[in-house]
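Chemist: Line by line, the protein sequences are chains A and B. Numbering-wise (UniProt numbering), the first sequence opens with residue 1 and increments by one. Numbering-wise (UniProt numbering), the second sequence opens with residue 1 and increments by one.
Rather than coming from a laboratory, the hints here were simulated on the basis of the structure. Possibly wrong hints are sitting among the right ones.
Chain A regions said to be covered by chain B (calculated; three or more residues, Cβ under 8 Å) [to be verified]: (1) 30 to 42; (2) 149 to 156; (3) 174 to 181; (4) 244 to 250; (5) 315 to 328; (6) 345 to 358; (7) 385 to 393.
Quick caveat: nothing in here was measured; it's all calculated off a predicted structure. All C-beta atoms, glycine included, are put in the ideal place defined by N, C-alpha and C.
Single-letter residue listing:
Protein chains: 2
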Amino acid sequence: MIVDIPKNSDFSIHNIPFGIFSTADRSPRAGVAIGDHILDLAAVAQLDVFDFNTAVFEKQTLNDFIDLGKNITNKVRKDIQKWLQDDVSVLANKPQLFVRQSEAQMHMPVFINDYTDFYSSMEHATNVGKMFRDPENALLPNWRHIPVGYHGRASSIVVSGQAIHRPKGQTIPNDSKQPIFGASQGLDFELEMGFITGKSTTLGASISTQQADDYIFGMVLLNDWSARDIQKWEYVPLGPFLAKNFASHISPWIVTLEALEPFKVAGPKQEPEVLPYLQYEGYKNYDINLEVGIVPEGSSEQTVCHSNFKFMYWNMAQQLAHHTVNGCNVNIGDLYGSGTISGKDENSYGSMLELAWMGTKPLKMKDGTERKFIHDGDTVIMRGHSQKEGKRVGFGEVKAKILPAT
Amino acid sequence: MIVDIPKNSDFSIHNIPFGIFSTADRSPRAGVAIGDHILDLAAVAQLDVFDFNTAVFEKQTLNDFIDLGKNITNKVRKDIQKWLQDDVSVLANKPQLFVRQSEAQMHMPVFINDYTDFYSSMEHATNVGKMFRDPENALLPNWRHIPVGYHGRASSIVVSGQAIHRPKGQTIPNDSKQPIFGASQGLDFELEMGFITGKSTTLGASISTQQADDYIFGMVLLNDWSARDIQKWEYVPLGPFLAKNFASHISPWIVTLEALEPFKVAGPKQEPEVLPYLQYEGYKNYDINLEVGIVPEGSSEQTVCHSNFKFMYWNMAQQLAHHTVNGCNVNIGDLYGSGTISGKDENSYGSMLELAWMGTKPLKMKDGTERKFIHDGDTVIMRGHSQKEGKRVGFGEVKAKILPAT
Numbered sequence: 001m002i003v004d005i006p007k008n009s010d011f012s013i014h015n016i017p018f019g020i021f022s023t024a025d026r027s028p029r030a031g032v033a034i035g036d037h038i039l040d041l042a043a044v045a046q047l048d049v050f051d052f053n054t055a056v057f058e059k060q061t062l063n064d065f066i067d068l069g070k071n072i073t074n075k076v077r078k079d080i081q082k083w084l085q086d087d088v089s090v091l092a093n094k095p096q097l098f099v100r101q102s103e104a105q106m107h108m109p110v111f112i113n114d115y116t117d118f119y120s121s122m123e124h125a126t127n128v129g130k131m132f133r134d135p136e137n138a139l140l141p142n143w144r145h146i147p148v149g150y151h152g153r154a155s156s157i158v159v160s161g162q163a164i165h166r167p168k169g170q171t172i173p174n175d176s177k178q179p180i181f182g183a184s185q186g187l188d189f190e191l192e193m194g195f196i197t198g199k200s201t202t203l204g205a206s207i208s209t210q211q212a213d214d215y216i217f218g219m220v221l222l223n224d225w226s227a228r229d230i231q232k233w234e235y236v237p238l239g240p241f242l243a244k245n246f247a248s249h250i251s252p253w254i255v256t257l258e259a260l261e262p263f264k265v266a267g268p269k270q271e272p273e274v275l276p277y278l279q280y281e282g283y284k285n286y287d288i289n290l291e292v293g294i295v296p297e298g299s300s301e302q303t304v305c306h307s308n309f310k311f312m313y314w315n316m317a318q319q320l321a322h323h324t325v326n327g328c329n330v331n332i333g334d335l336y337g338s339g340t341i342s343g344k345d346e347n348s349y350g351s352m353l354e355l356a357w358m359g360t361k362p363l364k365m366k367d368g369t370e371r372k373f374i375h376d377g378d379t380v381i382m383r384g385h386s387q388k389e390g391k392r393v394g395f396g397e398v399k400a401k402i403l404p405a406t
Numbered sequence: 001m002i003v004d005i006p007k008n009s010d011f012s013i014h015n016i017p018f019g020i021f022s023t024a025d026r027s028p029r030a031g032v033a034i035g036d037h038i039l040d041l042a043a044v045a046q047l048d049v050f051d052f053n054t055a056v057f058e059k060q061t062l063n064d065f066i067d068l069g070k071n072i073t074n075k076v077r078k079d080i081q082k083w084l085q086d087d088v089s090v091l092a093n094k095p096q097l098f099v100r101q102s103e104a105q106m107h108m109p110v111f112i113n114d115y116t117d118f119y120s121s122m123e124h125a126t127n128v129g130k131m132f133r134d135p136e137n138a139l140l141p142n143w144r145h146i147p148v149g150y151h152g153r154a155s156s157i158v159v160s161g162q163a164i165h166r167p168k169g170q171t172i173p174n175d176s177k178q179p180i181f182g183a184s185q186g187l188d189f190e191l192e193m194g195f196i197t198g199k200s201t202t203l204g205a206s207i208s209t210q211q212a213d214d215y216i217f218g219m220v221l222l223n224d225w226s227a228r229d230i231q232k233w234e235y236v237p238l239g240p241f242l243a244k245n246f247a248s249h250i251s252p253w254i255v256t257l258e259a260l261e262p263f264k265v266a267g268p269k270q271e272p273e274v275l276p277y278l279q280y281e282g283y284k285n286y287d288i289n290l291e292v293g294i295v296p297e298g299s300s301e302q303t304v305c306h307s308n309f310k311f312m313y314w315n316m317a318q319q320l321a322h323h324t325v326n327g328c329n330v331n332i333g334d335l336y337g338s339g340t341i342s343g344k345d346e347n348s349y350g351s352m353l354e355l356a357w358m359g360t361k362p363l364k365m366k367d368g369t370e371r372k373f374i375h376d377g378d379t380v381i382m383r384g385h386s387q388k389e390g391k392r393v394g395f396g397e398v399k400a401k402i403l404p405a406t
């Protein structure tokens, strides 16, 4: 191996995820993560080893690289895998091609024109339904027929590491008819994964479940921050708005769908049978272990959730087929959130709302404090990885600290 | 006057709206509408009359021009007004600077990163509440406190003239629990206006109602197409999704806020009093006459709605203040829809849903047919203009034909 890869690294030779990084001496450019390093693709391009216009590696986002198509992007990934494992390859004895991740700054990997958030975990939808609506009929009638989704805000999606301020907004005190204004008292994370489209369509065109994999470039971790008190007051009838659009964080490395291929598993049985345009063949779920940790200011990390992406009722192929069945067009770089990924166990719930069950079961922290929701100074960290037969493919982390409201 | 301006033209000397056009011999570029002509700004720039980098007029969108700031964009508008009225100005005897609108193709005036749709007409919200929810409590408790809004799809916003196909999707037949898939039977227009931000903010920053005018570059007409049968089945609990994102049309000319200044009027009294961050001073509503016509295939246009933008309960300054009060960042070119603009009179309702009252009062057309919703082959045209003391400032039209589902 050309570069040392720590055992259990998310960024093994089987992964080769793409991202945008900068260093003290040089502006943002494309790279791939390998072990604790980044292979600088703009620098590799100088070796004249690629047969396409490598100006795409000098861009501030990966959109133009992705636009080259999977024939090329998959070949780049395969070539790098081959070169890294060959001690006499073009990458040999060229330490200048590698940057320590600890010495790099990560940036948004893609420009996102449109962001859609789904609601595809049955456990999450059921939990929320129990708390906010009718415990006896927690799951709404449309939920098993439609991969329910809504449009989110693209502008406020930021990369892991950027601290954000607690949002302010309107909320309604219990038993009051007069709303008040102030800092949210119900700041929450949502453990999600997001996929990024790698191919555009024109208005009027649809993507079938069979075609979907070809349109999905890769995946990231997504923390879809939510302000539950703002959400509760504003969301009827048109859905969440200010409760969500103050920020969402994504992990910086896009793990390709091809790297995740070995971790495909069967999804939950869908009953009643879905309409033909939502039916699919083969395995479309992915076994990706997920966890969430909270680091209170001045304390150490405490894991509060273990979940798995394989729990999702609706898969990405169904989400994309549904999204486009009416002719809605998609662009390269668009982001699609899974919705909060909750499992059946209480420790697998993907939000504080569910973990502390609307504040009725506060989480005890190691420093003696309790958490119903997220406190100022808390850092929330999400991690995800797949592992099978000695192969590990991971996402690293998406991490952000909450600063007090301005 | 350098160019002939027909009496009652929307594009009078008082207007000077900006847009992007192309001609058979030349690619898209910036222009202003004047009478039946377009003044080619890229060509005017060749006269060396502007003291900024005029490459902005050669771009495919106005975003970079708008980014110059209102000091410059307003001066361009004022200079053009002055030059057009001066028979010996730099524009005199240069017919090559003018293109007939009938010989130009209009394009999207801006690149839209994010699209937000509000719901700010009390009459519309009340009508929808009566039909879809509880006639006795049609207006939801939050409506008088919050300029309710939600995120829409940016990718499918297209410019006037582009025909679109009727969307397909899931709907639920009355008294059934099993949804069906097919072409929407409830295709509807929504008469809206949209404003476009002319200044960006960073994540965490807010825009006050006092600052809002400075952040609004101008306005367009907006037809926010809706599929009512799809909407009814999908929209609980996260809001409209496929019922809206198959297409929205905007008019091609952005009328600046400065051109609309003479038409400011007082808005409706807001009771109960709104929270301090939503309070405002001065006039923030605009007296803009609106109308909607339907042209059945092979027949002539029939006006089905007369409304006015001044009816809006929530104004644009309040919408923008609300949108950013949680720190959500905005970008130049972002579009904000008003929501359907309905008045009190039955002929002022801004959608077929309301005009034909959920199909119970079909509209009789001149060709003998009836309309509950929009038919294949129908062309829907919206127009808007302000008029006062002999000054007319208008938007032209937003127009689109509905093709059968694919």
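Chemist: All the hints need checking, so say for each whether the structure fits it.
Modeler: Here is how each hint holds up against the structure:
{"no.": "1", "hint": "30 to 42", "verdict": "violated (count 0)"}
{"no.": "2", "hint": "149 to 156", "verdict": "holds (count 8)"}
{"no.": "3", "hint": "174 to 181", "verdict": "holds (count 5)"}
{"no.": "4", "hint": "244 to 250", "verdict": "holds (count 3)"}
{"no.": "5", "hint": "315 to 328", "verdict": "holds (count 6)"}
{"no.": "6", "hint": "345 to 358", "verdict": "violated (count 0)"}
{"no.": "7", "hint": "385 to 393", "verdict": "violated (count 0)"}
In summary, the numbered hints that this structure violates are 1, 6 and 7.
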